[in-house]
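Order-wise, the sequence lines are chains A, B and C.
Counted the way my numbering counts, the first sequence spans residues 1 to 666.
Counted the way my numbering counts, the second sequence spans residues 1 to 160.
Counted the way my numbering counts, the third sequence spans residues 1 to 183.
Please keep in mind that the hints were generated in silico from the structure rather than gathered at the bench.
Be careful, since some hints might not be right.
What the hints assert, rightly or not - No more than 20 Å apart at the CA atoms, straight line, and that leaves these computed lysine-lysine pairs for PhoX-like: (1) Lys59/C / Lys107/C; (2) Lys382/A / Lys69/C; (3) Lys44/C / Lys170/C; (4) Lys382/A / Lys107/C; (5) Lys103/B / Lys382/A.
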Amino acid sequence: MVPEVGQFALALALTLALVQGILPIVGAARGNTVWMSVARPAAQGQFVFVAIAFGCLTYAFVNNDFSVAYVATNSNSALPLQYRIAGVWGGHEGSLLLWTLMLGVWTMAVTVFSRHLPQDMVARVVGVMGLVSVGFLAFMLFTSNPFDRLLPAAPDGRDLNPLLQDPGMVLHPPMLYLGYVGFSVAFAFAIAALLAGRLDAAWARWSRPWTTVAWMFLTLGIALGSGWAYYELGWGGWWFWDPVENASFMPWLMGTALIHSLAVTEKRGSFRSWTVLLAIFAFAFSLLGTFLVRSGVLTSVHAFATDPRRGIFILAFLTIVIGGSLVLYAWRTSRIGLGGSFDLVSRESLLLTNNVFLVVATGSVMLGTLYPLVLDALGLGKLSVGPPYFESVFVPLMAPALFLMGVGPLARWKKASLPELAVRLRWAFAVSLVTALLLPFTLGHWSALVSFGLLLALWIVASSVVNLLERIKNAATGASAWARLRSTPRAYYGMLLAHIGVAVFVVGVTLVKGYETEKDVRMEQGDTTEVGGYTFRLAGVAEVPGPNYVATRATMEVTRNGKSVTTLHPEKRFYNVQQMPMTEAAIDPGFTRDLYVSLGDELNATTWLVRIYHKPFVDWIWGGCLVMALGGLFAATDRRYRIAARRQREEEYAAAARGPQPSPVR
Amino acid sequence: MNSIVAKVFALMLMLFAGSAAFGKEAAPAAEDPALEQRMAALTSELRCLVCQNQTIADSNAGLAVDLKNEVREKMKQGMSDREIIDFMVTRYGDFVLYRPPFKATTLFLWLGPLLLLAAGLLTLLFRLKRGRGAAETGLSEDEHARAAKLLAAGTETEKQ
Amino acid sequence: MTAETLPKTRLYLLPLGIFFALVVLLGVGLTLDPREVPSPLIGKPAPHFELPQLHDPAKTFSEQDMRGKVWLLNVWASWCVSCRAEHPVLLELAKSNAVSIYGLNYKDQRKDGVAWLQSLGNPYQISAFDLNGRVGIDYGVYGVPETYVIDKRGVIRYKQIGPVTSEILKEKILPLVNELNRG
């Protein structure tokens with residue numbers, strides 16, 4: 001009964017999405033207010049029905065309804081509750097429903113936070129998002145129905161893949177999808193502007209917070225995925241340049257370029273057509289990612305059970321949406337106008353240089369990811385492109401961009417001078433250089449690569465400090481430094497934080513690559529070994545049953561200079577249903593290092609293979625991403641976007657415009 | 001005589017028990033750690049052909065283990081990294097390498113990013129230099145046309 | 001002035017053009033199998049091996065024994081499920097005498113391999129016993145079953161990855177064998 005309700009809800013949602021997608025856009029073109037006003041209620045109704053459908057599927061999972069085929073393939077009665085819920089998005093059909101739900105959440109948000117926008121703009125934005133929803137709902141109903149029945153019902157389910165039975169599974173996909181799908185808002189704004197034939201600084205100001213929030217969620221989603229791989233897969237890797245990982249990284253790079261380009265367009269009204277193109281591309285890469293994961297075109301550890309027939313549907317959808325957008329772009333952009341001009345050296349030009357680097361980086365990642373396919377399609381043989389390629393290409397490409405991160409925020413709008421910038425930054429550079437050259441000696445051996453990485457990170461931090469200090473010193477009035485800091489817009493702090501987050505990330509990557517150590521040893525009970533200055537002693541190994549697995553659990557005592565540091569419990573689990581062995585590494589996280597112990601094979605009744613890692617500063621990788629996301633949050637919640645604050649300001653302006661009022665004569 | 005034997009036996013017992021409590025320094029898993037380091041570096045560039053995108057270093061699949069043993073054997077025989085890579089490529093093709101070889105078919109792969117960057121930076125430079133002369137009005141073509149019309153109409157009204 | 005500095009519409013068609021090429025590429029990609037690894041040994045001499053025979057360990061089998069004949073080398077194992085699917089096709093082929101089939105028992109236990117052939121039938125003139133899979137690696141074997149067509153001069157002319165079906169036999173293997181026999 002419940003699955004049928006869910007399916008019916010999806011069908012209703014599709015109908016509403018069609019209404020939401022067609023009427024408001026046609027209405028906006030014709031100036032028909034009634035049709036335009038359909039946008040909000042249709043969108044909100046669609047969201048309600050998608051939420052109902054999602055609730056029905058969750059219900060089926062939680063109550064172990066194995067008459068639903070999707071539940072039978074992704075769940076099991078012994079599966080703990082939180083993973084039964086996470087199992088809702090553990091497979092292709094359910095993850096599509098999650099995608100659609102997230103789209104509904106964003107659409108809902110747009111309908112709520114858009115009171116200040118002109119009606120035709122809202123109509124078009126919501127309309128475009130409705131059309132995207134139509135695509136996904138149709139995809140589900142016609143090819144990937146999560147509510148398909150399995151008759152007769154299975155006695156029990158095939159269990160969720162043990163790799164996914166983890167807190168990471170609860171957080172990573174929803175966060176990631178919020179990010180991916182969030183770029184549809186920027187996309188919708190871009191299409192709305194093209195449809196209206198009107199693209200001004202106001203459009204950029206409206207788009208910016210939406211893009212920043214989507215970018216923030218995507219940053220968190222990718223960081224979660226990376227952290228999860230790190231502790232789950234058992235060999236301490238955190239990024240493999242796997243096609244699906246790249247599929248999430250490309251929209252992120254584009255989104256970063258878009259945020260910076262929107263800044264130029266908002267402040268100076270310049271390069272609007274480029275910003276629109278970026279907005280289209282960012283979402284295009286989100287859709288491309290959806291295609292790559294589900295079509296079977298590329299091999300990946302993350303790919304869902306792939307089906308070329310589904311691939312055809314997504315490819316057709318991708319062609320229509322992006323192809324249509326690009327046609328609209330080519331047709332309408334000439335009407336939009338160029339915008340203000342600026343000098344060869346200026347903040348605008350530096351931001352655009354940042355764009356060039358980010359877009360080229362995205363292009364390179366795409367080139368590497370798709371190249372094997374290109375050669376195969378042309379009949380030129382089969383090739384693999386893996387981390388060695390991406391690392392050789394991506395890192396040198398990003399280095400200049402990281403350097404410019406220090407220069408850009410200090411450059412003046414419209415016209416800046418290189419010699420002047422050099423003077424302002426000379427101390428920052430000197431301090432960064434000296435510290436970067438000396439620091440490696442304190443951490444171990446000196447290495448040019450480590451020094452270079454540290455130089456870039458320190459440079460970003462030092463120039464941010466210079467930026468902040470200048471702001472305090474250049475107080476227009478005699479206001480105190482503290483007052484000056486308080487009156488600085490939050491978005492400014494957001495920028496500083498995000499940039500510092502990048503620096504933290506770079507430090508983490510550089511130091512872990514430069515100084516991590518590992519040891520592969522044979523251990524019997526009572527044996528000790530030393531890694532990174534810590535002593536590890538295998539106290540014992542025991543068999544421990546879990547809810548749906550049996551684990552061999554080792555107890556590893558860690559000491560340093562005789563003092564106890566921690567006790568770690570690496571496990572080797574054997575899951576009952578899928579008969580899959582899994583290594584659960586034990587990690588002792590720390591601000592300056594991680595201790596990572598992985599239990600290997602049992603060599604004989606008393607001896608075990610153990611792998612122990614000492615990873616300095618590895619948590620700075622994800623810490624940096626968190627700081628970046630925090631910066632995004634600050635930027636998006638800047639006062640100028642907050643609605644209550646806006647109303648207050650509008651009232652203030654209105655009062656000021658009225659002029660001083662004569663006091664009433666008594 | 002018996003008491004001496006008993007004492008010796010007791011002593012041995014204590015030593016045995018004592019060593020079990022103290023444990024020993026764990027032996028390295030491999031006989032030759034330097035070789036293992038070389039192994040780790042090389043096997044992380046070779047693809048596991050039966051896996052869904054993993055190196056043979058990270059995989060425990062049957063073929064991956066076989067290939068790792070093969071690589072270790074060849075290293076012990078004194079083959080260089082280059083020779084071992086050639087050995088793999090002869091049997092499995094370029095597909096087995098995660099670092100694509102630099103040949104005619106991969107020219108665009110390896111040089112593409114650099115070319116893209118050069119093209120991007122040059123385009124930007126070109127547009128910036130040209131854009132310097134552009135009007136600062138920020139009006140679109142349409143708006144310019146409208147403005148022109150209005151101004152023309154205004155001048156006519158004035159003339160009247 | 002503004003109109004002059006704007007690029008023509010043609011330039012704005014560039015992203016569309018690139019996108020279109022991408023779509024075509026992805027569409028073609030849907031018809032391909034990214035996990036199939038073609039053999040670099042086609043057109044090269046079959047790698048040398050000398051292995052004990054499965055049924056008679058005292059005797060050996062080598063590819064050199066087959067010089068002057070066109071033959072099929074089929075890689076199989078008792079633990080391989082797909083091999084069962086192709087086995088009837090091989091038995092038919094053996095009965096028809098169109099070409100001799102020789103087996104490479106890959107990473108198997110001798111008694112399991114013998115028992116498997118006993119119960120399902122033996123299409124192989126001789127099966128070579130490759131216990132540790134070394135010969136398999138030399139031949140670029142990565143998944144069983146795989147079948148090689150080798151000509152009179154000992155050169156590999158074709159590799160079938162996956163089970164041999166009657167269609168593949170009819171369309172690819174038998175025509176090739178006939179051609180090689182004539183030459």
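To see whether the hints hold, each was checked on the structure:
1. Lys59/C / Lys107/C: holds, 19 Å
2. Lys382/A / Lys69/C: violated, 31 Å
3. Lys44/C / Lys170/C: Distance of about 24 Å is beyond 20 Å: violated.
4. Lys382/A / Lys107/C: Given pair Lys382/A, Lys107/C is violated - Cα atoms ~27 Å apart, limit 20 Å.
5. Lys103/B / Lys382/A: holds, 13 Å
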